[in-house]
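Protein chains in written order, with the numbering used here: chain Z, 1 to 246; chain Y, 1 to 246; chain H, 1 to 246; chain B, 1 to 246; chain R, 1 to 246; chain L, 1 to 246.
Do not rely on the hints blindly, as some may be mistaken.
Copies of the same chain are indistinguishable here, so a pair counts whether it falls within one copy or spans any two.
[Said to hold, decoys possible] The calculated lysine-lysine pairs, modelled on BS3-like cross-linking and capped at a C-alpha distance of 25 Å, are:
1) K166 - K138
2) K246 - K230
3) K166 - K230
4) K220 - K246
In case anyone wonders, no lab produced these hints; they're calculated from the structure.
There are 6 protein chains.
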Amino acid sequence: MKILLINPNTSQHVTERMRANAQQAVGEAATIHAFTAQSGPAIISSRSENAIALAEMLRLAACHQDGHDALMLGVSIDTGLQALREMLDIPVVGMAEAALLTASMLGGKIGCLTLGAAMVPVYEELTASYGLSSRVSKWRAIEVPSAFKVTDADPVVERALIEASKQLVQQDGSDVIILCGAVLAGYARQVSTAVGVPVVDPAQAAALQALTLARMRPAKQVSGSFARPKGRLFSGIDPDIAALYK
Amino acid sequence: MKILLINPNTSQHVTERMRANAQQAVGEAATIHAFTAQSGPAIISSRSENAIALAEMLRLAACHQDGHDALMLGVSIDTGLQALREMLDIPVVGMAEAALLTASMLGGKIGCLTLGAAMVPVYEELTASYGLSSRVSKWRAIEVPSAFKVTDADPVVERALIEASKQLVQQDGSDVIILCGAVLAGYARQVSTAVGVPVVDPAQAAALQALTLARMRPAKQVSGSFARPKGRLFSGIDPDIAALYK
Amino acid sequence: MKILLINPNTSQHVTERMRANAQQAVGEAATIHAFTAQSGPAIISSRSENAIALAEMLRLAACHQDGHDALMLGVSIDTGLQALREMLDIPVVGMAEAALLTASMLGGKIGCLTLGAAMVPVYEELTASYGLSSRVSKWRAIEVPSAFKVTDADPVVERALIEASKQLVQQDGSDVIILCGAVLAGYARQVSTAVGVPVVDPAQAAALQALTLARMRPAKQVSGSFARPKGRLFSGIDPDIAALYK
Amino acid sequence: MKILLINPNTSQHVTERMRANAQQAVGEAATIHAFTAQSGPAIISSRSENAIALAEMLRLAACHQDGHDALMLGVSIDTGLQALREMLDIPVVGMAEAALLTASMLGGKIGCLTLGAAMVPVYEELTASYGLSSRVSKWRAIEVPSAFKVTDADPVVERALIEASKQLVQQDGSDVIILCGAVLAGYARQVSTAVGVPVVDPAQAAALQALTLARMRPAKQVSGSFARPKGRLFSGIDPDIAALYK
Amino acid sequence: MKILLINPNTSQHVTERMRANAQQAVGEAATIHAFTAQSGPAIISSRSENAIALAEMLRLAACHQDGHDALMLGVSIDTGLQALREMLDIPVVGMAEAALLTASMLGGKIGCLTLGAAMVPVYEELTASYGLSSRVSKWRAIEVPSAFKVTDADPVVERALIEASKQLVQQDGSDVIILCGAVLAGYARQVSTAVGVPVVDPAQAAALQALTLARMRPAKQVSGSFARPKGRLFSGIDPDIAALYK
Amino acid sequence: MKILLINPNTSQHVTERMRANAQQAVGEAATIHAFTAQSGPAIISSRSENAIALAEMLRLAACHQDGHDALMLGVSIDTGLQALREMLDIPVVGMAEAALLTASMLGGKIGCLTLGAAMVPVYEELTASYGLSSRVSKWRAIEVPSAFKVTDADPVVERALIEASKQLVQQDGSDVIILCGAVLAGYARQVSTAVGVPVVDPAQAAALQALTLARMRPAKQVSGSFARPKGRLFSGIDPDIAALYK
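Kindly generate the complete structure, drawing on both the sequences and the hints.
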């Protein structure tokens, strides 16, 4: 199987970190091909940067889908997920959605942890749009700027994650935890051991779910609201995208 | 007051129809300045076309906000509404949201009517994202292709709207009706008379709510998740947008 | 336009404060005519006092609606709102509902602040009845008895409002704040500046929404559950009310 | 035990029908004392008539509560229920609420049947206010004017109830049925036999639940939002009510 | 009336405590016949022990239903409630459900208190399954191992219950409290007096609701999803159960 | 990987059909080991039969979990799913839950189709317990007794499934369909082609999700409500189960 991974941020090293993480999850069952945005925000940190990044996500997906069995969105907040499901011929998996769905199979309440309080409402809205709000005990954020340095595991970050995860379990009644954010890759095992519940890594969950959908080979909608309309008129847009609507 | 209206479709005549409709609603209390997308879909008819149209909506909004008191989105499905509320300094109003909120003040259950069944799920998701699903009795669609000819009122369209509206009132228990779709402007009064409940025109509701927010002069968020982040890095994007994040 | 304002409490000075506040919001676009209850509770502070006050609200509305374009209820908890929408010929706006709907257009989550914890559950039930619970981050109350002295702005009240508003933004993730309670008029601007999010004044929101509905001139329901029934028998009730049901 | 029953309509014969029905349910375990409104609507058929009837309900309850162990509201839409729970010293039971709660113990989904479609939205709002919407499969209404003649069982009414109940079971998946409306008393047994699910009579459910609360002797709230406030000022209201707030 | 009480735990002294408590509630109106599990967990303290205990609950119910007017489940988490409603000919009442429904008639928000935090999520799921989550302000737990000694009232337990109940009222806005857990019987009156809101004892609520249903004599479903299927094949199961499906 | 499949019905041929179906989905990535109940209902067709079957499910799971990487429940209504997640050391996957979660990644609204209307409410309650009700457009049932003959594909069944699926897409707005019921295996491809949306087979979805969880190797909870309690007392139960709680 061949899985396409697209990072709508322009940060190449983040792409590589997600790719390696995803590849490890699927092992020899699939190959992950990763592409990075050539324009847009360096890192998405708000609703409007997510909106700005969408154009490049659509362009890269339309350009690279051929020859792949599934697309995994390489971004924590699932930029353009439902639009891409309508636009493309291959299955599309988001990291946040895949993590939430996978965690749903490991317990009752899901505790979610990210980096930076400003993104918590955005994640909550995303969770609500999937109809999964009732499964989430709480979204919490750690505030550790050093986490954004994408290097080896940082003991300060690890301690902050463990402390917040203990609150998710003991105060909020979480049965399973998700660590949201590409730079939080690599801490799941230690956090899980420290707090005594399973911890889901979104890139690994998304890669495994992309593999699941690739194996199922679901038909692309030609009826209903996810069918891609035909014979549409566009002007001045990317030709790979326009070609899909002829 | 000066209200900015942006149509993210490239259809100039639709822009003009919405502008005239909005201007009539606010009368002399405000002037509506309308702009039309220069690239993108001719008419948005699906999730993915809405995603494609977003880039031009962001560009036009960033380019033209100066000198206006509020922005009214000239499109039935509120393209980029929450992202623009974060990005811009002026209040932003969507036609679907404004119609739903205004209709909420006229009764209990809101019946919603649009053109073409394929968009009903998209409107339902939009309604859910505003937390207003419980206020809507049902979304129904008429299938009358001649409605897209943007000319004078069409008796075939009028009959279809009245028939569907009667179902919204008698079968679905609607106390008020919304006619969603720029080309449905001009039928509200006849439908209202025929079915015996008030009928809300989204362009008129949006113009009046834009006027309301313009009069209130609410402060722009500098805290919380709707504050526009500062000092962000972008590459290759529209300079009017990039300038907002310096 | 002429907007009718009815205070179902017997406190004349509270009526005057709301009237002045509402008049300022609409400026020269409308004239606010205010009436005060002649019997009932001095100040509504509980469910049962609200129920007791309802009779006088119905009487004054039936007596004074003629010659007005809309009715604004001059009370924080929207006494009799849906019943009046059925009973009267003109649009009816409640302060709590108008504030919640208007705040919905300024961000994601709405933080609500009132005076006295005992009323918080009553406001929460009211919010739920409008289907808007998911939009509210939290209802909080300050406990500052001096706020009830309806005089100039009080620095103790201002400090309490700012402190509670900071909790609404920083702990509860509110993007916009509502100050509920007639005696909290006049603090919105300072609180907004101090906490960095917009703050909505319910009397101003209600006056502007009453103006919006007056401009729209929606038809009165003659079908459905908000149509006023005809040919009904009553005994011993106010003749202005009875006359409406003949 | 002594149970107080108050009918806020002025129709004495409806009061008597409910009293007899309630008395039959509790047998010798309690005596039902019934009172009828002396002013207000002859029959409540809308939101506004319910609002008009409230004043007399409050007056009769305050006047007659002494010497009774519980109050049962003799009206299908629970006029003033939560306000009376705050105002009075004895437990208060509504017919709609009691029927819904009792039916909850007999199956999964509750099908509700009343007389006249115009009241269905009002009942749906009432159900939502109790947090019980998810338990109700559907509210349906029969349209049989002869049902309002309060005489012996009418075969036309019985056939209409059975037909609508079959739809509630077969189309809507109801496991138990409620017949809402004082004039529908006396049909429960036949409908139940015809459709094969239990049928709850609201007056009987309310009488039995009033007996349950009377036996439990729950303390009256002196804390929280259902505590009756003290030291309140009123003018021009019924002295029995005013006395409660001293 | 004869009410059957079945404890699916093997602890005889807990059965006796519940029986006495239930008998006191119904007085001379009914006789409570109690049976204790002969195999299974000594005390249910988790989801899986509840699942293990189910087999014995089903066996005892099928064996003993004859000659009784209703079944009251003698266990805090309503083991097998909906399955038994389908399986048996007599009405079935659960302690948790009966307490929640009865408390619903005493105020707005219900505060729930149990012993041991591990069971809180299980109770929350049970509450959600009844559609009653929106009525519950919060589930809280005390951690007082001495409470499990089923002897006379313990002042340490009483103090812990009062302190937690004050939080339920003052912080969580509860209008009524439920004490969940057979070993918390006997504290309701003192807690109620201390915190100023009514307190519901689940065994008493269940006994009174069993009496209510026994008096109503609802028909057993022969249609819909609660009808017991006929002509089913089983192998190796309890003959009293198998006999019901012939 | 080794995946354990347990059928709590006593029908060996149904087990074999599910095993073959599951094995086909995972291919060489895992081996499915299947076991069939030795006592209980031949086929579960109601809530109470599901409850009766639970004991054997628990026994077989406790007896066979060693040496397996995940457990897949071989039954359409996920008998004992959450209890087994607490009881066992390996991940547990239910067919209904896995199908719903997998279908969530293929569109917006999920249409669900089963055999026999009596099970629809049971599936709806199951869906609600997963917090996924808002994702399901509708549960529909076909009534084709010949489907229960577990042989080759039956053209009558196929036509009924296609017709009901068209209603799910065209009337109910479904974007993806689930065929629930072991005997509906083998129709997914034809239904998908006929109606133009993807169709999910629960056994295949469950097998692939069991493989996903087996690859992730999530830690077993030792904290929170899904931790298996220790030092518990049992009497008269299966020794393999009892051993887990020592």
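State whether the alpha carbon distance between K246 and K230 is at most 25 Å within one copy, between copies, both, or neither. within (6 Å within a copy, 41 Å between copies)
Treating 25 Å as the Cα threshold, decide for K166 and K138: within, between, both or neither. Cα proximity of K166 and K138: in one copy and across copies (12 Å, 21 Å).
Which holds for K166 with K230 at a C-alpha limit of 25 Å: within a copy, between copies, both or neither? Result: close only across copies, 21 Å inter versus 51 Å intra.
Reference check for the pair K220 and K246, CA-CA at most 25 Å: within, between, both, or neither? within (17 Å within a copy, 42 Å between copies)
Every hint from the earlier list agrees with this structure, and none is contradicted.
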